[in-house]
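Number of protein chains: 2
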Amino acid sequence: MTQIAGQQSIKFDKSAHIISAASIVGKKEGEGPLGKLFDLVGEEASFGENTWEEAESTLQREACQLALGKAKLLPTQMRYVFCGDLLGQLIASSFGVMNFNIPMFGLYGACSTCGESLSLGAMAVSADYADYVMAVTSSHFGSAEKQFRFPLEYGNQRPLAATWTVTGSGAFILAKKGGHARITGITTGKIVDYGVKDSLNMGACMAPAACDTIYQNLMDFNRQPDDYDKIITGDLGYVGQTILIDLLKEKGFDISRVHMDCGIEIYDRETQDTHSGGSGCGCSAVTLAAKILPNVEKGAWKRVLFVPTGALLSPTSFNEGQSVPGIAHGVVIEHC
Amino acid sequence: MTQIAGQQSIKFDKSAHIISAASIVGKKEGEGPLGKLFDLVGEEASFGENTWEEAESTLQREACQLALGKAKLLPTQMRYVFCGDLLGQLIASSFGVMNFNIPMFGLYGACSTCGESLSLGAMAVSADYADYVMAVTSSHFGSAEKQFRFPLEYGNQRPLAATWTVTGSGAFILAKKGGHARITGITTGKIVDYGVKDSLNMGACMAPAACDTIYQNLMDFNRQPDDYDKIITGDLGYVGQTILIDLLKEKGFDISRVHMDCGIEIYDRETQDTHSGGSGCGCSAVTLAAKILPNVEKGAWKRVLFVPTGALLSPTSFNEGQSVPGIAHGVVIEHC
Chain P
1 MTQIAGQQSI KFDKSAHIIS AASIVGKKEG EGPLGKLFDL VGEEASFGEN TWEEAESTLQ
61 REACQLALGK AKLLPTQMRY VFCGDLLGQL IASSFGVMNF NIPMFGLYGA CSTCGESLSL
121 GAMAVSADYA DYVMAVTSSH FGSAEKQFRF PLEYGNQRPL AATWTVTGSG AFILAKKGGH
181 ARITGITTGK IVDYGVKDSL NMGACMAPAA CDTIYQNLMD FNRQPDDYDK IITGDLGYVG
241 QTILIDLLKE KGFDISRVHM DCGIEIYDRE TQDTHSGGSG CGCSAVTLAA KILPNVEKGA
301 WKRVLFVPTG ALLSPTSFNE GQSVPGIAHG VVIEHC
Chain D
1 MTQIAGQQSI KFDKSAHIIS AASIVGKKEG EGPLGKLFDL VGEEASFGEN TWEEAESTLQ
61 REACQLALGK AKLLPTQMRY VFCGDLLGQL IASSFGVMNF NIPMFGLYGA CSTCGESLSL
121 GAMAVSADYA DYVMAVTSSH FGSAEKQFRF PLEYGNQRPL AATWTVTGSG AFILAKKGGH
181 ARITGITTGK IVDYGVKDSL NMGACMAPAA CDTIYQNLMD FNRQPDDYDK IITGDLGYVG
241 QTILIDLLKE KGFDISRVHM DCGIEIYDRE TQDTHSGGSG CGCSAVTLAA KILPNVEKGA
301 WKRVLFVPTG ALLSPTSFNE GQSVPGIAHG VVIEHC
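Going down the list, the sequences are from chains P and D. Anchor point for the first sequence: position 155 equals 155 in full-length UniProt numbering, and the numbering is continuous, going up by one each time. Anchor point for the second sequence: position 137 equals 137 in full-length UniProt numbering, and the numbering is continuous, going up by one each time.
In case anyone wonders, no lab produced these hints; they're calculated from the structure. We treat Cβ as the ideally placed atom computed from N, Cα and C, and that holds for glycine. Some hints here could point you the wrong way.
[Unchecked claim] According to the in silico footprint, chain P covers these stretches of chain D (three or more CB under 8 Å from chain P): (1) 114-125; (2) 186-193; (3) 275-285.
[Unchecked claim] Not close to chain P: a few residues of chain D, all C-beta gaps over 10 Å, as computed: (4) Thr2; (5) Leu37; (6) Glu53; (7) Asn101; (8) Leu152; (9) Arg223.
[As the list claims (entries may be wrong)] Simulated crosslink set (DSSO-like; lysine-lysine; CA at most 27 Å straight-line): (10) Lys14/P x Lys146/D; (11) Lys14/D x Lys146/D; (12) Lys36/D x Lys251/D; (13) Lys11/P x Lys146/D; (14) Lys72/P x Lys176/P; (15) Lys11/P x Lys14/D; (16) Lys291/D x Lys176/P; (17) Lys11/P x Lys36/D; (18) Lys27/D x Lys14/P; (19) Lys251/D x Lys177/P; (20) Lys177/P x Lys11/D; (21) Lys146/P x Lys146/D; (22) Lys176/P x Lys14/D.
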C-alpha cells in the first residue's frame with residue numbers, strides 16, 4: 001500500500017515512536033518561561049570549552065548522552081544519527097557526535113533541521129532500515145552571531161524584528177515501538193522565496209515557507225486546522241507569526257486558535273530583551289523535547305503538527321545581495 | 001524480512017534504479033582525461049554568473065535539467081531532491097535547486113555528499129516513499145578556495161599533497177525500475193578521526209574513513225574485494241590512495257587490483273598541475289555520471305562499490321586548531 005499522501009507528504013504505515021527526548025540549554029533560556037522544563041541548564045555559555053563552536057559540540061554530545069540515558073540505550077544500539085546545526089560545514093555536529101561512532105547523516109536545513117532530522121529518521125525506522133535512530137540539532141548564540149552577524153564584542157544594536165539565537169540542543173531517539181508519542185506523517189518543505197533580503201527579519205523570510213508547508217499538510221492529509229491540537233512553528237517569532245496567520249487566512253485556513261511558535265514560547269518578551277523571539281536549530285528542538293512532547297505524551301494534546309522553519313542564507317549569500325529564502329519541514333506527532 | 005545487513009549496511013529488498021545521470025564541468029575538467037565523457041563543459045569558470053557561488057548554483061541547476069531531460073521527466077514528478085555542496089549553509093544547493101519547487105532535503109557530508117544523497121535517495125525509493133527522486137551535488141574551484149583557503153588573487157602556493165577542487169556537478173534520478181544500473185545496498189559511514197590537522201593533505205585525512213567504510217562493507221555483505229569489479233573512492237588522490245591500500249592490507253584486504261579514485265581519474269597528473277588529484281563534492285559526482293555508470297550500464301563492470309570521501313572541516317574549525325576527521329559513504333551499484 002502506498003504511503004505517499006497527496007503532493008508532498010508521507011502517511012506512515014508504521015509510525016516511528018519517539019521513545020526518548022532530551023534538552024540542554026544556556027543560562028538565558030533557563031531563565032525563560034520554559035526554564036524548569038529543560039533537562040539541563042548550563043551555568044555559563046562556554047559549557048567549559050574554549051570556543052563557542054566547541055561549546056555547541058558539547059551541547060549536542062550532552063543532549064545525545066541524556067537521551068540515551070533516559071532510554072537506557074547505548075550508542076552502539078543506534079543505527080544512524082541524523083544531525084545538523086547552523087555553522088558552516090556542520091562542525092558543531094561533526095565534533096559533537098563523532099565519539100559516539102554511529103553511522104552519520106549530516107543535514108542542513110537552517111533552523112528547520114530538527115524537522116528534517118525527525119523526518120528522515122522516521123522514514124528510516126518506519127521502513128525497517130533501523131531499530132533505533134537518533135536525531136539531534138543545536139544552535140548557540142555565540143557561534144551563530146559570529147557566523148552570521150557581528151562579533152559579540154562589537155555590541156551591535158538589534159532591530160525589533162530580530163530574533164535571538166537559542167543556545168541549546170535537543171536530541172531524540174526514534175524506535176519501532178515504545179513511548180507515548182509517535183510520528184505518523186511528514187510533509188517535506190520546498191524552498192519558498194518571497195525576495196526578502198533582511199537577514200535581521202528572519203520571521204518574514206520564513207513565514208511564507210511555513211505557510212506553504214502547513215497548507216500542503218492540511219491538503220495532503222485532508223485536515224482542518226482544528227484537527228490538530230497545536231500547529232507549532234519553529235522560530236517565526238512575533239513578526240513571523242502575524243505574517244503566517246495572515247497568509248494562511250488568504251488561503252482559506254484560520255490557524256490563529258491553534259498556532260504556537262517555539263520562538264515565542266522560549267523567552268519572556270517583557271523581561272528578556274529578545275525582541276521578536278527565539279530562533280536557531282536549538283529553539284524548536286529544545287521546545288519539542290521540554291514542552292511539546294510531554295504534552296503529547298500525557299495526552300493533553302492528541303495530535304500536533306510540528307513545523308520547524310529555516311532561513312536559507314549564508315554570510316556570503318547575504319553579502320552578495322541574494323534574498324533569504326525559507327524552508328519548513330512538517331512532522332505530525334500523535335499521542336499513543 | 002530485514003534489510004539490515006551487518007553492523008552498518010542495508011541490503012535493499014527492492015533496488016533503486018539510476019535511470020538518468022548528468023554531468024557538467026568546468027574548462028579544466030573538460031581538458032582532462034574524462035573530458036569527452038561529460039555532458040557539458042563550460043567555456044568559463046563563471047558560467048555566465050557574477051559570483052563563484054552563483055556559478056556553482058548554475059552548475060547544479062543545469063545538471064538537474066540535463067538529468068531530467070535525459071529521463072524525459074519533469075521537476076513536478078520528482079518527489080524529493082537530496083542535495084548538497086561544500087559551501088557554508090549549502091547556498092549553492094539552495095539557490096541552485098530552488099526554482100524546481102521540489103521538496104528538498106539539504107545534506108552535508110563534505111566531499112562524501114554524493115554518496116550520502118544517493119544513499120538517502122535509494123532508501124526513499126526502495127521504501128516506496130517516492131516514485132522518483134533526484135540527487136545532486138556540486139563543487140566549484142573558485143567558491144571552494146574562497147571558502148576554505150585563500151582568495152584566488154592571492155596566488156598561494158599549493159603543497160604536493162594538496163588536491164584541486166573540481167568545478168562540476170552531477171545529478172542522478174532514482175526510480176523503482178528502468179535503466180541498467182541499480183543501487184543494491186549501502187554502507188553508511190562513521191566519522192573517523194586520525195588526528196591529522198593538515199587541511200592541505202585531505203587524502204590523508206579521508207583515507208582512514210574510506211578504509212573503515214570499505215572494510216565494513218566487505219564484512220557486512222560477506223564479500224571479498226574481488227567481488228567488486230571496482231572499488232571507487234571519491235577524492236583521495238595519489239597520497240590518500242597509498243594510505244588507503246596500506247590501511248586495508250593491515251586489516252587483511254588487498255584492494256590494489258580493483259581500486260580506482262575519481263580524484264586520480266579526472267585530471268592528467270603530468271600536464272594539469274593538480275598535484276595529488278581532484279577533490280570536492282563534484283569530483284565523485286561527475287565521474288560517477290560520466291565514467292562509472294556508463295561502464296556499469298553496458299555491463300563492463302557488473303558490480304562496483306562507490307565510496308565518496310569527505311573531510312569534515314570548516315575554516316573556523318581549522319583556525320581553532322581542530323583536527324580534520326573524515327567520513328565516507330559506500331553505495332553498491334550493480335548492472336541490471
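Checked hints:
no.	hint	in the structure
1	114-125	holds (count 5)
2	186-193	holds (count 5)
3	275-285	violated (count 0)
4	Thr2	6 Å, violated
5	Leu37	30 Å, holds
6	Glu53	6 Å, violated
7	Asn101	5 Å, violated
8	Leu152	15 Å, holds
9	Arg223	18 Å, holds
10	Lys14/P x Lys146/D	46 Å, violated
11	Lys14/D x Lys146/D	42 Å, violated
12	Lys36/D x Lys251/D	38 Å, violated
13	Lys11/P x Lys146/D	43 Å, violated
14	Lys72/P x Lys176/P	16 Å, holds
15	Lys11/P x Lys14/D	20 Å, holds
16	Lys291/D x Lys176/P	40 Å, violated
17	Lys11/P x Lys36/D	45 Å, violated
18	Lys27/D x Lys14/P	49 Å, violated
19	Lys251/D x Lys177/P	38 Å, violated
20	Lys177/P x Lys11/D	23 Å, holds
21	Lys146/P x Lys146/D	18 Å, holds
22	Lys176/P x Lys14/D	21 Å, holds
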